[in-house]
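Asks: Residues 1 to 261, numbered by this note's numbering, are exactly what the sequence shown covers, in order.
Since the hints were derived computationally from the structure, they do not count as laboratory data. Just to be clear, a hint being listed does not mean it is correct.
Ranges of calculated distance between the beta carbons of each label pair, as one might list FRET restraints [as the list claims (entries may be wrong)]:
id	residue 1	residue 2	range
1	Pro115	Asp231	30 to 38 Å
2	Asp57	Phe120	31 to 39 Å
3	Asp110	Glu59	38 to 46 Å
4	Gly198	Pro228	25 to 33 Å
5	Gly222	Arg109	32 to 40 Å
Glycine included, each C-beta is placed from N, C-alpha and C at the ideal position.
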Amino acid sequence: MTPRNVLFLGNSHTAAPRIALRDDPDRWPGFAPDVFAMPGHSLIALELDGRTLVTPDDEARRKMVYYNGVPDLPVSGYDAFVVIGGLAFHQQAILQETHRSLDFPSARRDGNFIPVSTGFVDALLRHQLEHSPALRMARMLAGLDQGPVLFLDQVLPSTECRQDPDQYGAYVALAERGDAADYRARYLRILEPLLAGGAIHLPQPASTMVADAFTAPEWMRGSIRMQPRRDVPHEASDYGHANPAYGRIQVDQITEALARL
1 MTPRNVLFLG NSHTAAPRIA LRDDPDRWPG FAPDVFAMPG HSLIALELDG RTLVTPDDEA
61 RRKMVYYNGV PDLPVSGYDA FVVIGGLAFH QQAILQETHR SLDFPSARRD GNFIPVSTGF
121 VDALLRHQLE HSPALRMARM LAGLDQGPVL FLDQVLPSTE CRQDPDQYGA YVALAERGDA
181 ADYRARYLRI LEPLLAGGAI HLPQPASTMV ADAFTAPEWM RGSIRMQPRR DVPHEASDYG
241 HANPAYGRIQ VDQITEALAR L
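Modelling step: build the complete structure from the supplied sequences, incorporating the hints.
Replies: Structure representation (structure tokens):
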């Protein structure tokens with residue numbers, strides 16, 4: 001399909017593809033989506049009133065106005081949606097930091113955990129995914145039946161995130177135990193049926209990943225904040241946001257997926 005009016009909607013992870021589109025429009029001739037972004041988990045406060053996204057939360061409305069210049073968002077004119085961010089695999093590491101099922105690779109080598117059933121681990125993960133801002137938004141938009149909904153979850157942390165143990169310690173430990181690849185495969189296995197019939201998942205390309213757990217740093221260094229009025233680089237200590245070079249890959253994924261529909 002060739003959608004005429006596309007909306008990118010998400011959190012701070014919309015910045016990379018937004019800037020890629022702004023700086024290299026000739027790469028995607030005729031593709032000029034609108035972008036709506038709000039910080040953190042504030043997307044969870046949005047709800048549909050007919051075909052308009054609104055919020056009863058005063059703080060969330062303030063963020064809508066600050067970042068997008070509107071107190072609500074009519075979506076009736078769009079024929080495709082792309083949800084970006086609002087769900088991050090690395091944030092699920094905490095779920096099995098102390099409790100693991102015996103099918104984790106590390107369970108074969110050490111006993112420094114509380115054993116639980118595989119079904120219990122799956123249920124915890126499924127609950128987290130089902131109640132994430134991303135899946136809630138994808139379900140709402142799919143329910144409009146206006147066009148396809150694509151979903152890109154947040155990029156894996158940079159390999160350099162080991163320098164921030166306060167934020168990434170649980171995830172680095174997951175990777176160092178040798179559990180990250182298996183756990184991510186479980187995450188993807190549970191995610192796909194949750195999206196079925198509602199959104200199409202565009203996973204992170206393997207070519208940008210290291211050990212199926214991290215993103216190569218060249219796709220992360222030089223990332224830009226969500227600030228809509230000027231380019232504000234993230235601090236060098238930000239290891240969770242992709243840069244505009246990775247954003248170009250994301251826009252390639254999106255346009256190729258739309259063309260196949």
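Asks: Now, for every hint given, state plainly whether the structure supports it.
Replies: Hint check results:
For Pro115 and Asp231, the Cβ-Cβ distance of about 49 Å falls outside the hinted range of 30 to 38 Å, so the restraint is violated. Between Asp57 and Phe120 the beta carbons are some 33 Å apart, a value that agrees with the proposed interval 31 to 39 Å. Roughly 44 Å separates the CB atoms of Asp110 and Glu59, a value that falls within the hinted 38 to 46 Å. Distance hint for Gly198 and Pro228: a CB-CB separation of about 28 Å, consistent with the stated range 25 to 33 Å.
Checked against the hint of 32 to 40 Å, the pair Gly222 and Arg109 passes, with Cβ atoms roughly 38 Å apart.
Of the hints listed earlier, the one the structure fails to meet is number 1.
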